[in-house]
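Protein chains in written order, with the numbering used here: chain X, 1 to 392; chain V, 393 to 690; chain R, 691 to 761.
Please keep in mind that the hints were generated in silico from the structure rather than gathered at the bench. A couple of the hints might just be wrong.
[To be verified] Label pairs and their in silico Cβ distance ranges:
| no. | chain 1 | residue 1 | chain 2 | residue 2 | range |
| --- | --- | --- | --- | --- | --- |
| 1 | X | Gly281 | R | Arg710 | 57 to 63 Å |
| 2 | V | Gln669 | X | Ala280 | 26 to 32 Å |
| 3 | X | Gln367 | R | Asp707 | 36 to 42 Å |
| 4 | R | Asp707 | V | Asp472 | 44 to 50 Å |
| 5 | X | Gly342 | R | Leu747 | 37 to 43 Å |
[Stated by the list, open to error] Among the chain V residues that face chain X by a calculated CB cut under 10 Å, a handful are:
| no. | residue |
| --- | --- |
| 6 | Asp496 |
| 7 | Phe605 |
| 8 | Arg636 |
Beta carbons are placed, not taken as given, at the ideal position from N, Cα and C, and that holds for glycine.
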Amino acid sequence: MRLLEYESKTLLREMGMEVPLGRLAHSPEEAAAAAKELGTAVVLKPQVPIGGRGKAGGLAFVDRETEVIPAAERLFATPLRGYEVKLLLVEQQIQARQEFYLGITYDPAARGPVLLASAAGGVEIEAMTERVLRRPLSLVRPWPTFRSREVAAGLGLTGPALLRMTTAIDRLVETFLKFDALLAEINPLMLTDDGRLVAVDAHIELDPDAAFRHQDVVARFGLAGRGERTLSEFERRAAEIDQADHRGVAGRMVQFDGDLGLLIGGGGASLTVFDAVLDAGLRPANYCEIGGNPSVWKVKELTKLILSQPQVKRIAVIMNVVSNTRVDLVARGVIKGILELGRDPATTIAAFRIPGSWEEEGFALLQRYGVPFYTRETSMDQVVAMIAQDKR
Amino acid sequence: MAILADERTRIIVQGITGREAATFTAESLAYGARIVAGVTPGKGGQEVHGVPVYDTVAAALADHPAEATVISVPAPLLKDAALEAIENGLQLVVIVTERIPRRDIAEVLELARERGSRVIGPNSLGVISPGKTRVGMCGGSADAVRRAYTPGPVGVMSRSGGMTTEIASLLTHAGLGQSTCVSVGGDPIVGSTFLELLPLYEADPETRAVVIFGEPGSTMEEALAAHLAAYGSRLPIIAFIAGRFADRMPGVRFGHAAAIVEGGRGSPAAKIAALRQAGVRVADHLRDLPSLVQEAIG
Amino acid sequence: MGIFIKVEIDPSLCAPDGGRKLVNVCPVNVFALDQDRVVTDAENEDECTLCGLCLNLYPPGAVVVRRLYRE
Ligand code: SF4
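All chains, please: the whole structure from these sequences, using the hints.
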């Protein structure tokens, strides 16, 4: 769950980090009022969930009051990488003596959080040529302040600036841990002429799997559902079917424009089947994974939904050897859906390959309806290859 | 022989009174696994399929010494259950639970490293040494497991739980049995990677080849490839990497949480290239796995 | 009506309660109460998991679960 800049800064400020004085603006007029309140030199920053706004032409530095409204109008009218701009953060400009980068994220190889710090802030960390300091964070023991001091010294700081940086690093560590962040980044962190350290831009991402511990933050910023792909009408209906019945997972529908409908096992099996489908030159109409033990009704409704697209001629039902999902119940659902559409299961099902629990029952049913089915002896990608050969 | 667990391994199940855990406990017992006790706080004194239930791991182990645990508890409770297992000295910790907060699992894995516990998972279906034992729930009922898995010389490591059984089944059908199959887990951070498990297979005299099933995301395959390029292995390694289509559709996220491709890192094409460079036989099609294994072990 | 599964109840064999226990035992709600009579819910017949729980409550023949695709 990616927080917007102002949301990230709100959390950081509440944790004791200095951020520039700023106001939110929903319109050019509000931006002008905010600028008036903040003083002349301000920066207008669109609140969209992307990095590198500066490079994308998304920031406006304004030094005269009369420039605010035209600049804000331009920003509101210019989508940034597909995101419409609905909100500006108007902030006092900060003059930097030096810019730093501070970030904490999980390093999958180290299997824990790592603090990254650099004396070359302002650019993306991937592009940094300056030395980047890396310090792993323990989760078993508390982060000691001397570690922050070592990092501050490693950034070449001395005197009061070193002490301020030490505190800033401590605060970032606390923020990262307290909110279960996956990423907490301040870039740039500016050292001003009068010796203050100000978080001029910040980016925090929270762990969706830890959201249950942070319902207050979720509610405060309206984070539920944020960052999820906008669903097509078709995909939305699949989600509705999934939610209408708690038995089994049978959702995650993604729509494509081909003619072969797919109902496939989740996880690694779906990746394998999808590769095989594209390798064989078949054109998938959709991606739809099933798992757990879905009800007959759920499979039936998904089958009907997939076949409701006019270009979809056939449907392939392919899973790995299953232990939880019932072969016969899936077979019932698919056949029933096809029958309710007034079509013939024997010609509409391109192939049915789900071996595993209750397979004898499932195969008996498939046989009765003349559906081409395969047992575990035929691998999933082989089944796909046979569908491709048998284009009717 | 086998790795990680065999017929002597004594197992406890944390969260044993849950529906899924109770089911796999019964199935595992029927398969011959030595499940000696279960733990569910507040349900001590009950029994699940004849297995005594305790309130704490310490109490369970006091009556029933064990080496391994399978943890199947709701995600918010996972950290405490896993820390309890590690602090009580369990050497093999299989975590079935998925969608665990990143911070919790990282803390668990850090403590496990300090205490020398081996963690498999999270989001793992477990470990199975065919004909000997199962720690977890790969393969379903005892009959289904016997049908898909057979004892033999091939080690299997898979990032996908379901594909662990599928691959074992393909191998079995081709007359190739398995020494130990490990569902390493589908999450971005897991307790044991391919590279960390490889030395166990290398030390197992019965294992003569290892099959890995990889996916987009994470750098587990790349790390293995780098190691093999530098040091090689006494074992032939055969790989199948699923999700090549993800290279053509960046950002589309199917399958596991770890299977996200961002900025070329962890892309299937890069994994395949690195593994081939390191001498790994990478199958173009899943169906080719058995013949490649056959070829490799002669 | 179920296309795959047909569940038949013989009320005369379901004494003394007319088969009420069926309503609670079935995991997929194949049985329902209609006034005082136990009937099958045609909508749910095809959800039958063939678990057999309904077969053991009353004397043999009281409930018959038919797999139409096997006939
Ligand atoms: S067999 Fe089971 S699922 Fe089917 S009707 Fe009887 S109780 Fe319900």
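Going down the list of hints, with the structure as the test:
{"no.": "1", "hint": "X:Gly281 with R:Arg710: 57 to 63 Å", "in the structure": "holds (58 Å)"}
{"no.": "2", "hint": "V:Gln669 with X:Ala280: 26 to 32 Å", "in the structure": "holds (27 Å)"}
{"no.": "3", "hint": "X:Gln367 with R:Asp707: 36 to 42 Å", "in the structure": "holds (40 Å)"}
{"no.": "4", "hint": "R:Asp707 with V:Asp472: 44 to 50 Å", "in the structure": "holds (47 Å)"}
{"no.": "5", "hint": "X:Gly342 with R:Leu747: 37 to 43 Å", "in the structure": "holds (39 Å)"}
{"no.": "6", "hint": "Asp496", "in the structure": "holds (8 Å)"}
{"no.": "7", "hint": "Phe605", "in the structure": "holds (6 Å)"}
{"no.": "8", "hint": "Arg636", "in the structure": "holds (5 Å)"}
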